[in-house]
Amino acid sequence: MSQHDSQGKLYSDLNSGRISRRDFFKGAAALGLSITAAQLLAACGPSAATSVPGAQQQPATTAPSGPKPGGVSTWAAETDPVALNPITNSNFSSTQGFEHCYESLTAFDSKLNVVPALAESWTTPDDKTYIFKLRQGVKFHDGSEFTADDVKYTFDIVLDPKGPAIWRGNFDQVDKVEVVDKNTVKFTTKAPFPPLLGAFAILRSSAILKKGAMENTKLETTINGTGPYKLVEYVPKSHVKLARNADYWGKPLPYLNEVTFKVMEEEEQRIAGLRSKTIDYAFLTADGAARLKDEKGLAINRGPRAYLYSFVINCLRKPWSDKRVRQAVSLATDRQEFIDKVFSGQATMAGPIATGFGDWFIPEADLKAKWYKTDLDKAKSLLKDAGVPQGQEMDLMMTAFNQNFAGLAVVFKDQMAKIGINVKIRTVEQGVFIKEGAQDVWNYDMNGNAFTARHDPDGYVYNGIHSKSPTNPGYKNPTLDDLLDKARTTIDSGQRHTMYRQIQEILLDDPKNIWLCNDQVIEGTQTYLKGYSQSFYTYRSWGLKNAWLDKTS
Amino acid sequence: MSQYILRRVVLLVPTLLGISILVFALMRFLPGDVVQMMIGTEITLSPEQKATLYKLVGLDAPIHIQFLRWLGDVLRGDLGVSLRTAQPVTTILMQRLPITAEIAILSTLFSWLVAIPLGIFSAVNRNGKADLLVHVIGLVGLALPNFWLATMLLLITSVIFRWQPAPTFVTPLEDLGTNLQQMLMPVLSLSAALMAVVMRMIRSSMLEVLGQDFIRTARAKGLRERMVMAKHALKNAAIPVITVMGVQIGFLLGGSVVIEQVYGLPGVGWMILNGIYQRDYPVVQGGVLFLAFVFVLINLVADLLYAYVDPRIRYR
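As given, the protein sequences belong to chains A and B, one line each in that order. Counting in the numbering used here, the first sequence runs from 64 upward without gaps. Counting in the numbering used here, the second sequence runs from 111 upward without gaps.
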């Protein structure tokens, strides 16, 4: 039986219920499929090429009568996208601005499964080759046809070592991209590269541009993509106005005719908008949600969020370069106190990989049982062994990425005082924070930061931790380096899971950062807004394209 | 008079040049730049990639060349292009100015409408109960921070009345009714402090004027009280008030940023503030230069108004 036939049998067994999802993954691994490819197949089955993923996956939120197309909706955007160029911007709000208009070869559904987007299927003849069959009949918003040339054009920009692609690192293992024919494109990697399919889906320097777009159009404020919505206008700091793409390949999606994302940075304004029903959707803080809990006609949805709060340690500076000191700081850190005081209880303890990220993270119970037990006596004794004097000063650099960071600093200062470390909080403006925290400047002992969406566990634990990572200020652990290198090139999912568990355990024993917790995606929606589903990443594209208005209910 | 105006206009040139050098230099003193903001805190790029980005945004030239290029463009009426959105700064200004100008004009007019009659009333009824009431209202208006008032208005309108205006800004030409609804809360929030200042100013100026001989003369020759107030007292009391108003309008153009943020109205102040955060040099330079220009012009108009209200003032 050829590999293709074996895959086919595997899908049909899964679909017919002859095998469990767990057995399916085992079988997929045996066939050499990456975890993401396996998830894709499990999610979509062999009919993925023609069906619209997700339309069938939302039965819980779909009324018996089914989605009603049409309508105009206003949603709050809690931050301004700043610019919409999908290649040159790293800020997450930029992705939230263009995610409804651009697509890549793959996408994430609401459960973080990688599903087909502009590629309707793919094969992996060997560990280093991916052949993507592109969806036919897809049109860009200007009416031109989408072809393999557009994929090649985009990735030639992304892969250029001197090019402007901010997230080029997500594709650093890709060697070349070749056009096989008009609807087929081949990616060759330097080594086995399991994160590839997720790297497309996360839309960070991976949105497919029309050939020539970088040179011929103003990508900062205009979009010519293939996504479910066309950009009508983007007025910075004001709004992003979208109109339904009637030619979308995933018909009948999207349902809403027109959607405006109004920039409402003040939560007070978002709350007022939800109360008065002038907006249908808003991102909320725990406090904001508490104020709206008794509001009629409003649903508050919660789920874990890929926003991992941490204190990053500068291991180039003494005494923080000493493993015992870092361990002492971790032992004196009471994560539960952070969750209670800063997040009103609406957060989950997390290790190096954010809790809720697939099944790659160490569960909260394990963290509490082994690593996150506060032990001040042991911490003090470790500091004493390391020769750290009482009243040792720590320069803690903070900036207001959001309103929680000030609270984090204060609680941390209080906790560290208990083991004789005198935390000097240095709050700086964001530009200063970036400059002082940049490679080879590293002007801090510790800084308060947060890790946002990652498409692969490697994204959480390689950058800033591997001794060859340019964002790592002095942390070295050769065993860990070796494991990190192996894990990012291992295809077998089971082996990868074991490795990333080991990696996290090493990191918790020999901390590079003080990982605290990740907070929640809390979103308020009007109850007449149906079909919307939350995303761990706080991407809204899947939710929006499945959303519809049922104003009569 | 025309010589005076000409001299003031000529003086604009060194003033604006000084401001542009100052803003240009101050922005460069700020740590970090737009490319570092684009890269953020989570990743790092190779020196080659960084060089490409610097070239892409036009920051690869030496600073003095950048300044001369920018100055040359400004002299030709081009304020440059935003480093983040690649939009011409003049286009952004033209998008933002109507919002800020409308808030400033409506707030000023509304505050005058309330403050002038109350100020006169208060002065005429000096030390009476009504004067005390107006005095208290003035103190409250001054003491209330406008962001607090703005938040309270948001709460009151949404919790009690279940009402908010349309979220996305609409110009008066597109839909006057919707536009005025959108302006209601920002204007009320900003007017409170403005009217308090103007009211107190009018009151004290009027009190000073009302005690003067020419008022007694006007009354003695049998002029009606209303005429005395409007024609003689108010006109003479207006000079310090005009100064305050000139400064207030100038302040409102750039200073309504908090209110713009609370209500999500992207005006000029917010544009400049965001430009500073993003290290978007042309936006800040162009925005500040424009505001400085308007501010100087408003002050010139205020100075000329002195001559109108007080014929004794002559400019040479």
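Errors might be hidden in some of the hints.
Said to hold, decoys possible - Which bits of chain A does chain B cover? Going by a derived footprint, with three or more residues having C-beta under 8 Å, they are:
hint	segment
1	150–158
2	228–236
What the hints assert, rightly or not - Pair ranges (Cβ atoms, derived):
hint	chain 1	residue 1	chain 2	residue 2	range
3	B	136	A	296	31 to 41 Å
4	B	204	A	219	56 to 66 Å
5	B	140	A	441	20 to 30 Å
6	A	469	B	140	37 to 47 Å
7	A	219	B	120	34 to 44 Å
8	B	182	A	463	49 to 59 Å
9	B	136	A	463	15 to 25 Å
Think of the hints as simulated: they come from the structure by calculation, not from any bench. Bear in mind that the values here come from a model prediction, so they are computed numbers and not experimental data. Cβ atoms here follow ideal geometry from the backbone N, Cα and C, with glycine treated the same way.
- Task: For residue 136/B and residue 463/A, compare the CB-CB distance with the range 15 to 25 Å and indicate the outcome.
- Result: Cβ of residue 136/B to Cβ of residue 463/A: about 22 Å, so the range 15 to 25 Å holds.
- Count residues of the segment 228–236 of chain A with a Cβ under 8 Å from any Cβ of chain B, then say if the count reaches three. The restraint on the segment 228–236 of chain A holds, since 5 of its residues have a Cβ under 8 Å from chain B and three suffice.
- In this structure, is the beta-carbon distance linking residue 136/B and residue 296/A contained in 31 to 41 Å? For residue 296/A against residue 136/B, whose Cβ atoms are near 33 Å apart, the range 31 to 41 Å holds.
- Return holds or violated for the Cβ distance of residue 182/B and residue 463/A against the range 49 to 59 Å. Roughly 38 Å apart at Cβ, these two residues miss the hinted range, so it is violated.
- Distance restraint evaluation - residue 204/B, residue 219/A, Cβ atoms, bounds 56 to 66 Å: The hint (56 to 66 Å, Cβ to Cβ) is violated, given that residue 204/B and residue 219/A are roughly 37 Å apart.
- Query: Between residue 140/B and residue 441/A, is the Cβ distance one that fits in 20 to 30 Å?
  - Reply: 44 Å, violated
- Message: Looking only at beta-carbon atoms, does the pair residue 469/A, residue 140/B fall within the given range of 37 to 47 Å?
- Response: Given a distance of about 22 Å, which is not inside 37 to 47 Å, the answer is violated.
- According to a criterion of three or more residues whose C-beta lies within less than 8 Å of a C-beta of chain B, is the segment 150–158 of chain A covered? Contact hint for the segment 150–158 of chain A vs chain B: holds, 4 residues under 8 Å.
- Message: Quick check on a hinted range of 34 to 44 Å for residue 219/A and residue 120/B, using CB atoms only.
- Response: 55 Å, violated
Hints 4, 5, 6, 7, 8 from the earlier list are contradicted by this structure; the remaining hints agree with it.
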